[in-house]
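J.: Sequence:
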Amino acid sequence: MVRTAAPVEHDLRALDRLQLNVTRRLDGLLHGDYLGLLPGPGSEPGEAREYRAGDDVRRMDWPVTARTTVPHVRTTIADRELETWLAVDLSPSLDFGTVGMLKRELAEGAVAAFAYLAGRGGNRIGAVVTEGGPARAIPPRPGRGGARSLLRTVTTLPRGEGAGDLAELIDKTRRHARRRGLAVVISDFLEDEDHPSDWTRELRRLAVRQQVLCVEILDPAELALPDVGVLDLIDPETGATVEVQTGNARFRARYAEAAAEQRDRIAAGIRAGGAAHLRLSTGSDWLRDIAAFIAQRRHLAAYR
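Residue -8 is where the sequence shown starts when you use the working numbering, and the numbers rise one by one after that.
There's no promise every hint is true.
Ranges between beta-carbon positions, derived for each pair [unchecked claim]:
#, residue 1, residue 2, range
1, Arg279, Pro217, 18 to 26 Å
2, Val199, Gly91, 38 to 46 Å
3, Gln287, Leu214, 18 to 26 Å
4, Glu159, Asp255, 18 to 26 Å
5, Val235, Arg169, 29 to 37 Å
6, Ala258, Gly45, 39 to 47 Å
7, Arg279, Asp189, 55 to 63 Å
8, Arg289, Phe242, 42 to 50 Å
9, Leu3, Asp189, 35 to 43 Å
10, Arg200, His268, 13 to 21 Å
11, Arg58, Leu3, 26 to 34 Å
12, Val90, Asp7, 20 to 28 Å
13, Gln253, Arg65, 39 to 47 Å
Just so you know, the hints here were simulated from the structure itself, not pulled from any lab data. This one's a predicted model, so the numbers in the text were calculated from it and none came from an experiment. Backbone N, C-alpha and C fix where the C-beta goes; we use that ideal spot for every residue, glycine too.
When you get a sec, could you build the whole thing from the sequences and use the hints?
T.: If you want it as structure tokens, here you go:
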């Protein structure tokens, strides 16, 4: 059954249950004291200090060494101390679902998961959110308390009107993320084809200083239509309706082909923007998919 959502007040107890589920599942699926998303010693320049035996000579600070005539190295801020920013698209196109949850609910779950992963390492976590209309910034706060506060703020923002502007969301995130760190863009990446925005260009600009991950939210019915007879479909962003006959095999084939091309364009745009890509579906175990993605990143980082 196709589900669409009307604006509702969030039950804070439900948010607490979501956060508890995320914490328990990810702790069980991922191992290690630090479950951060940015492995490695860090890349944000810190203070200069005198060289000690065993220091990496690649971190020599030659200007300070020349000025003081004493060898100095430039330290870096540990990854767990860096800021993480979430760019969260909760525009009306996410008020859709066919397999037990809405895309909006999955996006909120992704917010909880990535805020938890960043907060566990002590990172400061901020967000820029669009509910349809202008994007709004939530200042960064540290740790688990910051993650909990951010989730509640994100899910209780008042709804806007009309479609959100993905390019504007990413641009505003870049303007707020002044320190080098991680930016996670959570969206279904669906746009009005008559008025597309250049979100790929904004991704490239964001990736100049940030490590960027794009989390694509989708529902299985967006990839292939089931054979369920006549369906009345409503565009949640414009209110436009269309009647489709899903019993027509040729129509379903054309739909699947067009959907595949659309997803290929989204994936190509994310690659061109220099970002990593994680696809989450309302029809899968999305927490396990997140854990598998992070485990793969750790494995690749170990061999760099």
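J.: Give a verdict on every hint.
T.: To see whether the hints hold, each was checked on the structure:
1. Against the hinted window of 18 to 26 Å, the Cβ-Cβ separation of Arg279 and Pro217 comes to about 24 Å, which satisfies the hint.
2. Checking the proposed 38 to 46 Å range against Val199 and Gly91 shows it holds: the Cβ atoms sit about 39 Å from each other.
3. Gln287 and Leu214 have their C-beta atoms about 23 Å apart, which keeps the hinted 18 to 26 Å range intact.
4. Between Glu159 and Asp255 the C-beta distance comes to about 24 Å, which sits within the given range of 18 to 26 Å.
5. Against the hinted window of 29 to 37 Å, the Cβ-Cβ separation of Val235 and Arg169 comes to about 47 Å, which falls outside the hint.
6. In this structure, Ala258 and Gly45 meet the distance hint of 39 to 47 Å, their C-beta atoms being roughly 44 Å apart.
7. Separated by about 34 Å at the C-beta atoms, Arg279 and Asp189 break the suggested range of 55 to 63 Å.
8. Judged by the Cβ atoms, the range 42 to 50 Å given for Arg289 and Phe242 holds: they are separated by roughly 44 Å.
9. The supplied range of 35 to 43 Å is met by Leu3 and Asp189, whose beta-carbon atoms lie about 38 Å from each other.
10. In this structure the supplied range 13 to 21 Å holds for Arg200 paired with His268, their Cβ-Cβ distance being about 19 Å.
11. As the Cβ distance of Arg58 to Leu3 is approximately 55 Å, the hint placing it in 26 to 34 Å is violated.
12. The hinted range of 20 to 28 Å is satisfied by Val90 and Asp7, whose Cβ atoms lie roughly 24 Å apart.
13. Checking the proposed 39 to 47 Å range against Gln253 and Arg65 shows it holds: the Cβ atoms sit about 46 Å from each other.
Hint check: violations occur at hints 5, 7 and 11; the rest are consistent with the structure.
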